[in-house]
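Protein chains: 2
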Amino acid sequence: MASSAISSRDSGEDSSQISLKSVREALIRLEDSIVFSLIERARHPYNAPAYDRLYLKSSGSSLAELFVKEAEHLHAKAGRYENPEEVPFFPEDLPSPLVPSYNYPQVLHPAGASVNITKTIWNMYFNELLPLFTAEGDDGNYASTLASDLVCLQAISRRIHYGKFVAEVKFRGSPLGYSSAINNKDKDALMRMLTFERVEEMVKRRVEKKAMIFGQQVTIEDKEDDNVDCKVNPSVVSRLYGDWIIPLTKLVEVDYLLRRLE
Amino acid sequence: MASSAISSRDSGEDSSQISLKSVREALIRLEDSIVFSLIERARHPYNAPAYDRLYLKSSGSSLAELFVKEAEHLHAKAGRYENPEEVPFFPEDLPSPLVPSYNYPQVLHPAGASVNITKTIWNMYFNELLPLFTAEGDDGNYASTLASDLVCLQAISRRIHYGKFVAEVKFRGSPLGYSSAINNKDKDALMRMLTFERVEEMVKRRVEKKAMIFGQQVTIEDKEDDNVDCKVNPSVVSRLYGDWIIPLTKLVEVDYLLRRLE
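Quick note, the sequences are listed as chains P and F, same order.
Just so you know, we're using our numbering here: the first sequence kicks off at 1 and counts up by one.
Just so you know, we're using our numbering here: the second sequence kicks off at 263 and counts up by one.
Since the hints were derived computationally from the structure, they do not count as laboratory data.
Incorrect hints may have been included.
Simulated pairs of lysine-lysine, PhoX-like, Cα-Cα distance not exceeding 25 Å [stated by the list, open to error]:
(1) P:Lys57 with F:Lys339
(2) F:Lys493 with P:Lys21
(3) F:Lys331 with P:Lys69
Far from chain P, by Cβ distances over 10 Å, these chain F residues were calculated [said to hold, decoys possible]:
(4) Leu325
(5) Cys414
(6) Arg454
From a predicted model like this one, the values you see are computed outputs, not experimental measurements.
We put the CB at the ideal spot given by N, CA and C, even for glycine.
Please take these sequences and the hints and turn them into a complete structure.
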């Protein structure tokens with residue numbers, strides 16, 4: 001199951017091709033990743049010291065900041081940010097890849113490719129989302145807690161920044177339709193053109209269902225559906241999409257389109 | 263949902279307490295983590311260059327070795343290996359934690375605590391398991407591939423090294439029963455005492471079912487069960503448990519017990 005919307009260099013196709021179908025499939029697959037990542041993070045309680053800037057006395061950073069920064073350094077060395085689908089939270093001073101350049105297809109418009117709203121995602125995740133689906137308490141497992149946070153952050157950020165590919169596909173489908181709103185810098189008109197409430201409702205219902213199915217206690221015996229036992233409250237996942245992921249994805253789409261004709 | 267079998271320092275209980283029930287619950291919860299981790303790794307094809315020692319010309323290591331080593335350094339700084347449930351793949355030269363010591367309960371016998379079969383797990387994972395559940399091909403995403411490999415390795419290793427806690431609980435339940443086999447260094451007798459075929463069969467069936475449920479394509483509409491579409495073949499997960507995880511866990515149990523009376 002390919003998780004990427006863009007065709008690989010081995011496919012022999014025109015590397016700038018991208019289809020709405022492949023983008024949709026990638027977004028649907030990413031829902032599973034996001035739900036899995038939240039369930040795994042919920043194994044641990046909130047673990048406040050990991051996020052407290054006063055905890056590591058000498059550094060001035062939280063353990064979370066230090067952990068994500070160093071992990072992104074390692075990922076950069078392995079070439080993660082060569083892929084236009086990946087956006088770092090701390091883009092400053094990332095090392096060069098140790099690996100030869102992989103020829104990712106150039107799908108995005110160069111000016112739009114630089115859209116980066118990771119700061120907004122960081123604040124949303126730590127300040128709003130995390131307390132909603134973790135229990136109070138401290139089990140001391142800060143390393144595995146932060147490793148799980150990183151997986152959540154990366155999956156959510158990938159989903160939201162996929163808005164660039166969504167916008168590119170939509171623009172290519174109707175360049176004239178978008179151009180006047182882009183030229184007029186009319187964000188509201190663009191937001192209206194990108195909003196399909198019926199689809200958004202369907203996505204929210206689907207991720208809620210995924211949280212129920214993936215978060216259930218599976219036993220050998222068939223038993224009654226027992227939603228009380230879900231490892232992450234399905235309504236929190238629905239809210240994550242409705243309040244944050246869907247609006248932020250559209251924000252990325254609008255930001256991308258505003259630069260699309262530069 | 264606590265994922266640890268040992269009681270936390272906040273519980274006020276005797277910190278050396280451990281129950282068979284809590285160990286079982288931790289093992290069952292770890293099954294979900296293992297299945298999720300395999301499904302996430304299967305998003306990418308095999309990606310051979312990540313494992314090829316000739317790929318990074320100057321280093322003599324594969325990108326996988328380099329990635330796991332550096333990730334374990336970062337995890338060590340965040341205190342991961344202070345927890346007796348966690349065992350590093352590269353224990354040499356790990357840095358000291360930056361975080362104050364967390365007072366994990368001392369459950370294990372000190373001599374047994376050092377049992378480490380990560381080399382066996384490493385070889386099993388990369389040489390035998392990985393080709394069974396990844397598609398052929400190369401999508402260039404080596405960083406996220408290796409990050410997923412690390413999550414798989416850590417979850418599988420945690421499950422297998424949990425054998426120490428299983429063995430400790432069983433030993434405490436029947437110290438006289440185990441002592442003569444331990445004193446005689448009779449591995450076969452210990453292995454027989456630790457083997458419950460009916461339970462092993464149940465575990466294999468449960469993880470196969472988890473792979474079906476967690477690996478399905480969830481849609482809003484209810485539809486027929488469609489196992490062909492599972493993201494990881496459920497029979498591979500059953501085999502992972504039957505051929506490797508269960509036997510290796512028992513190997514850890516025997517190794518632990520052989521040192522239990524030192």
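Taking the hints in turn, this is what the structure says about them:
no.	hint	verdict
1	P:Lys57 with F:Lys339	holds (14 Å)
2	F:Lys493 with P:Lys21	holds (19 Å)
3	F:Lys331 with P:Lys69	holds (17 Å)
4	Leu325	violated (6 Å)
5	Cys414	holds (12 Å)
6	Arg454	holds (25 Å)
Consistency note: the structure conflicts with earlier hint 4 alone.
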